[in-house]
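Enquirer: Heads up: the protein sequence lines correspond to chains A and B, in order.
Be aware that the first sequence starts at 40, since it is given in the numbering used here, and climbs by one per residue.
Be aware that the second sequence starts at 28, since it is given in the numbering used here, and climbs by one per residue.
Rather than coming from a laboratory, the hints here were simulated on the basis of the structure.
Among these hints, one or two may not hold up.
[What the hints assert, rightly or not] Simulated restraints, written as ranges between beta carbons of each label pair:
id: 1; chain 1: A; residue 1: D203; chain 2: B; residue 2: P267; range: 21 to 31 Å
id: 2; chain 1: B; residue 1: S158; chain 2: A; residue 2: L239; range: 24 to 34 Å
id: 3; chain 1: B; residue 1: P221; chain 2: A; residue 2: P97; range: 29 to 39 Å
id: 4; chain 1: B; residue 1: A63; chain 2: A; residue 2: T98; range: 50 to 60 Å
id: 5; chain 1: B; residue 1: L218; chain 2: A; residue 2: R146; range: 38 to 48 Å
id: 6; chain 1: B; residue 1: L218; chain 2: A; residue 2: E238; range: 48 to 58 Å
id: 7; chain 1: A; residue 1: L207; chain 2: B; residue 2: Y52; range: 52 to 62 Å
[Said to hold, decoys possible] If you want the ones that stay clear, here's a sample from chain B, every Cβ over 10 Å from chain A, calculated:
id: 8; residue: T82
id: 9; residue: R96
id: 10; residue: P179
id: 11; residue: P221
Using N, Cα and C, we set each Cβ at its ideal position, and we do this for glycine too.
Residues per chain, in single letters:
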Amino acid sequence: MKAAPAAGSPEGSRGHAAKSLPYLLVTPLAVFIIGLALVPAAFTIIESFYRANPLDPPTRFDGLGNFRRLFANNAVLTSMGNTAVYVAVGVVLSTVLGIFFAVVLRRPFRGRGILIAVLILPWALPGVVEGILWTGIYDPSSGLLNGVLSSLHLASHGSVLLGDNRWLTIILIELVQVWQITPLSALLVLAAMQLMPQELFQAAAIDGCGAWQSFWRITLPLARPGIAVAVVQALIATLNVFDQPYVLNGAATTGSSVTEQTYFISFQNLDFGGGYALSLLITLITMVVSLIVVRAVYRRVDY
Amino acid sequence: MRQQGRIARWAGFAVVLIWSLVPIYWALKTSLETEADARAQNYVPFHPTLSNYTTLLTGSGDLPGQIRRATLNIVIECGCATIVTVVLATLAAYAFARMEFRGRQVLFYAVLATMAFPAYTTLIPLYRIMSDFQLVNTYTGIVLVYVSGFLPLATWVLHNYFANMPVSLEEAALVDGASRLQVLRRIVLPLAMPGVISVALITFLFAWAQFLFPLVLSTDSSTQPLTVVIAALQGRHVVPSTLLNAAGVLAIAVPALLALAFNRYIVNGLLAGSNR
Numbered sequence: 040m041k042a043a044p045a046a047g048s049p050e051g052s053r054g055h056a057a058k059s060l061p062y063l064l065v066t067p068l069a070v071f072i073i074g075l076a077l078v079p080a081a082f083t084i085i086e087s088f089y090r091a092n093p094l095d096p097p098t099r100f101d102g103l104g105n106f107r108r109l110f111a112n113n114a115v116l117t118s119m120g121n122t123a124v125y126v127a128v129g130v131v132l133s134t135v136l137g138i139f140f141a142v143v144l145r146r147p148f149r150g151r152g153i154l155i156a157v158l159i160l161p162w163a164l165p166g167v168v169e170g171i172l173w174t175g176i177y178d179p180s181s182g183l184l185n186g187v188l189s190s191l192h193l194a195s196h197g198s199v200l201l202g203d204n205r206w207l208t209i210i211l212i213e214l215v216q217v218w219q220i221t222p223l224s225a226l227l228v229l230a231a232m233q234l235m236p237q238e239l240f241q242a243a244a245i246d247g248c249g250a251w252q253s254f255w256r257i258t259l260p261l262a263r264p265g266i267a268v269a270v271v272q273a274l275i276a277t278l279n280v281f282d283q284p285y286v287l288n289g290a291a292t293t294g295s296s297v298t299e300q301t302y303f304i305s306f307q308n309l310d311f312g313g314g315y316a317l318s319l320l321i322t323l324i325t326m327v328v329s330l331i332v333v334r335a336v337y338r339r340v341d342y
Numbered sequence: 028m029r030q031q032g033r034i035a036r037w038a039g040f041a042v043v044l045i046w047s048l049v050p051i052y053w054a055l056k057t058s059l060e061t062e063a064d065a066r067a068q069n070y071v072p073f074h075p076t077l078s079n080y081t082t083l084l085t086g087s088g089d090l091p092g093q094i095r096r097a098t099l100n101i102v103i104e105c106g107c108a109t110i111v112t113v114v115l116a117t118l119a120a121y122a123f124a125r126m127e128f129r130g131r132q133v134l135f136y137a138v139l140a141t142m143a144f145p146a147y148t149t150l151i152p153l154y155r156i157m158s159d160f161q162l163v164n165t166y167t168g169i170v171l172v173y174v175s176g177f178l179p180l181a182t183w184v185l186h187n188y189f190a191n192m193p194v195s196l197e198e199a200a201l202v203d204g205a206s207r208l209q210v211l212r213r214i215v216l217p218l219a220m221p222g223v224i225s226v227a228l229i230t231f232l233f234a235w236a237q238f239l240f241p242l243v244l245s246t247d248s249s250t251q252p253l254t255v256v257i258a259a260l261q262g263r264h265v266v267p268s269t270l271l272n273a274a275g276v277l278a279i280a281v282p283a284l285l286a287l288a289f290n291r292y293i294v295n296g297l298l299a300g301s302n303r
């Protein structure tokens, strides 16, 4: 986490220009970090305690008023429940699938490079456009899912999948996000698996350890650092989910996420104070939950 | 037993391919159909036609014009954001990795800290800052926000890259009287090219995928990128799904080709960026 000590700096005698060079090099970065990251973050923290609404001026101190209003707002409370489901479904599915894909791609074989390229494809695409692709799959009349389900006699032709049942809607929308975030989970777990010494598995095989057993007893525990990072990235993505529900569900409020509520509150109702308070809440929850996961799952592994 | 293992592996490969490619195939299929064919439930386009694409790319009228403008916008915004991010991150990362200066530790921690909070934390204040400086609906506003978002990760990845490179060559050149900037340009950059390419690709793909920030920062079609315009079309029932999917395929063509062509650089960059 620390910057490595600078090496090779014999420019002491080189005068003023050389001495000011590092400052010159980092100044643009510092301006961006301070001006467009730290200052705005401070804004979010401070103004969440203010009534800030262009339709109701002036901006004034309001204590915990914004937070009180948020917790009295049914749409916000519902979106919190929805987001909890997005997170649970997304983190579990992306992690399990990621581990599965990593196991599939673990050993070298011909064509592995191509398969990895195909694997990362969904990660590289914009979430909103993925929403469009999956709208086609979920379409009640012409969609792929209904087609497959009705030919298996599991659903009647033309039955509505999205926007009808709250939990089904959330699960289907989250599946689209899982499609996007699973590649990174798989890569992280795969990278952890590449570090494992092969002798360990050979020794286990000699001791009569089957493939299934060596997966549970050796692979999974040793992949914990990679799994921890995968879970954290999935947590951050799912806690802040916006693109997929926004596109797949449109104006319908079934299954709206907390970030969608932040957007509606700030940019449709112009209640910036409420928006600040809600973003602060999501940020805090994201950071606390990530920290807990890192503590619980991450174990340093030394070979 | 061996046979079983082979079958299991091939089944695994098939799952990876189906999982990643079927949604893309479905959009491609729909985009190659006529409206009537798309309403029927076909698994392949029976009468494939490029008419949806020719409509979008050469047609007159509101919708094709909007899509073409949005394509131009997303290319400009992502291109500029990538160039600025890579240049600034390279300079700063080199200073962090190789030079001693006051405030170095503090600034480095600030970079790490900004990576720890979710991007949307600063959505509303960034909008208000851009609005105060009259930068809503300008390329500058969007590019500034993108750069501020991607610069910390780019700097972190490049810093690690530089820090892991041997210093002996650079020291020799410095002793021979080369300046720091000459060393950076002639020795460090050529050696660090794979890392720079990784960072550039990832920054470009992140920028291409942006939606909520440009949705807020561009309220008219003059600067709206493809992602924002396509999402707006989806809500309008007058836009046929065939045309919508053709627009979707256009929007994923560039990132998909980049991902397929440069997957090694992307994988390395992603792994370097995720391990903090």
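Enquirer: Would you mind marking each hint as holding or not holding in the structure?
Expert: Results for each hint:
{"no.": "1", "hint": "D203(A) - P267(B): 21 to 31 Å", "in the structure": "holds (23 Å)"}
{"no.": "2", "hint": "S158(B) - L239(A): 24 to 34 Å", "in the structure": "violated (58 Å)"}
{"no.": "3", "hint": "P221(B) - P97(A): 29 to 39 Å", "in the structure": "violated (54 Å)"}
{"no.": "4", "hint": "A63(B) - T98(A): 50 to 60 Å", "in the structure": "holds (56 Å)"}
{"no.": "5", "hint": "L218(B) - R146(A): 38 to 48 Å", "in the structure": "violated (32 Å)"}
{"no.": "6", "hint": "L218(B) - E238(A): 48 to 58 Å", "in the structure": "violated (34 Å)"}
{"no.": "7", "hint": "L207(A) - Y52(B): 52 to 62 Å", "in the structure": "violated (24 Å)"}
{"no.": "8", "hint": "T82", "in the structure": "holds (17 Å)"}
{"no.": "9", "hint": "R96", "in the structure": "holds (17 Å)"}
{"no.": "10", "hint": "P179", "in the structure": "violated (7 Å)"}
{"no.": "11", "hint": "P221", "in the structure": "holds (16 Å)"}
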